[in-house]
Each structure stands twice: as C-alpha cells, then as structure tokens.
Amino acid sequence: MRICKVTYRPSCCWQLESASTSLNRISYADNCCCGIQSVNGAGDDVELVKKFRLTPMLKEVLSHIFREPATRKYPEVRPEIPEGFRGRQVFDVSLCISCGLCARDCPAKAIEMVDVEGKKRPLFHLDRCIFCYQCAESCPRNAIKSSKIFELASTDKSELVVEPKSGRGN
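Numbering (our numbering) for the sequence shown: 1 to 170.
Everything labelled a hint here was simulated from the structure, so no lab data went into it. By construction, the Cβ of each residue, glycine as well, lies at the ideal position given by its N, Cα and C atoms. Accuracy of the hints is not assured; some may be wrong.
[Claimed, not checked] Pair ranges (Cβ atoms, derived):
(1) Glu60 / Thr155: 37 to 43 Å
(2) Ile97 / Lys73: 19 to 25 Å
(3) Phe66 / Glu151: 48 to 54 Å
(4) Gly100 / Glu68: 48 to 54 Å
(5) Pro79 / Val114: 33 to 39 Å
(6) Phe66 / Asp127: 39 to 45 Å
(7) Leu95 / Glu151: 46 to 52 Å
(8) Gly118 / Glu68: 55 to 61 Å
[Said to hold, decoys possible] In silico DSS-like cross-links for lysine-lysine, where the CA-CA straight-line distance does not exceed 27 Å:
(9) Lys119 / Lys109
(10) Lys109 / Lys165
(11) Lys109 / Lys148
(12) Lys145 / Lys157
(13) Lys120 / Lys145
(14) Lys109 / Lys120
(15) Lys109 / Lys145
(16) Lys59 / Lys109
(17) Lys165 / Lys148
(18) Lys119 / Lys165
(19) Lys73 / Lys120
(20) Lys119 / Lys157
From just these sequences and the hints, can you work out the full model?
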C-alpha cells in the first residue's frame, strides 16, 4: 500500500514497507496527490528528486491580489434586500378573525393559538419557523405579511417568540 508522506493518504508517492514502519520511496516516476513529483534517479545511491508544482498555485495567488474581495463589509454596509424576500412575519391584530388556519396549516408547527383578551390569537415561534409563508397564504384576511427583517440572531430564545398584542401590528 502506497502512502504519501505529506498528506498521509494512500495511493500517492510514498510506499509503506511491510517489515518496518519507515517510509520507502518508490522507484518509478509518479505524480503525487500533494503536488510532488517523484522521479527515478540514475542509481540506488542517487536520491530521488522532488519537484513542487508552484506555478498553478502562484498564478492563482497573483490573480487574487488585485481583485476586490468577494465578501461584504456586513454589518457596516447593509445588503440590498431583493423583491419578494421572505423575512420576519408582521402580524396585524386588527385584521385577525381568530380562525386558526395559520396554526393549522403551518408545516413546522411554529404557530400556536393563545388567549388574548378573550380571543384566540396566533403566537409565533420564530426559532421553529421555516419561512414558507403558508400561514400568510392561509389567512383569509391577510393579517400576516412578510417583512424585510432578516436579522433574527439572538442569545435568548424568548426573544424569538412573537406574542400577539392588542391594537395594530406587533
């Protein structure tokens, strides 16, 4: 079994001897997976020559030196939100008729109906939500709408629970 001394992967430029644990160089020309080329020497006393293939790597490095970085400077520079983006749900309590279709149709079970001032209102668990907006499509009065709010990171799980409030919006 041949093992590379650089990457320690099989089928490479080094061969493991069965009698001992030392690595023995193979005696024929072979291209290694680590980019080293093993070349057969003139005799046993001539050490095998290793050639590093730096040309492709050097071309790649030099081509990226003068390019603009692919990453963005978030949060200093805010990204443009595309049209049709499905962000955090916005719930309009004044339009809700307490039918419960949103909770029934939610595939992630992220909505539960709770009592608020004698009426059943949806309670949104944003940590469970998959943002499919089946709830908004099921609502007959369009009380649930999408927003462009995408920053939902939180260290407290209770911050990801949107409780219905009396009045308009939440």
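Now the hints, each set against the structure:
no., hint, result
1, Glu60 / Thr155: 37 to 43 Å, "holds (39 Å)"
2, Ile97 / Lys73: 19 to 25 Å, "violated (45 Å)"
3, Phe66 / Glu151: 48 to 54 Å, "violated (33 Å)"
4, Gly100 / Glu68: 48 to 54 Å, "holds (51 Å)"
5, Pro79 / Val114: 33 to 39 Å, "holds (34 Å)"
6, Phe66 / Asp127: 39 to 45 Å, "holds (43 Å)"
7, Leu95 / Glu151: 46 to 52 Å, "violated (26 Å)"
8, Gly118 / Glu68: 55 to 61 Å, "holds (58 Å)"
9, Lys119 / Lys109, "holds (20 Å)"
10, Lys109 / Lys165, "holds (20 Å)"
11, Lys109 / Lys148, "holds (22 Å)"
12, Lys145 / Lys157, "holds (23 Å)"
13, Lys120 / Lys145, "holds (19 Å)"
14, Lys109 / Lys120, "holds (16 Å)"
15, Lys109 / Lys145, "holds (18 Å)"
16, Lys59 / Lys109, "violated (52 Å)"
17, Lys165 / Lys148, "holds (21 Å)"
18, Lys119 / Lys165, "holds (11 Å)"
19, Lys73 / Lys120, "violated (44 Å)"
20, Lys119 / Lys157, "holds (25 Å)"
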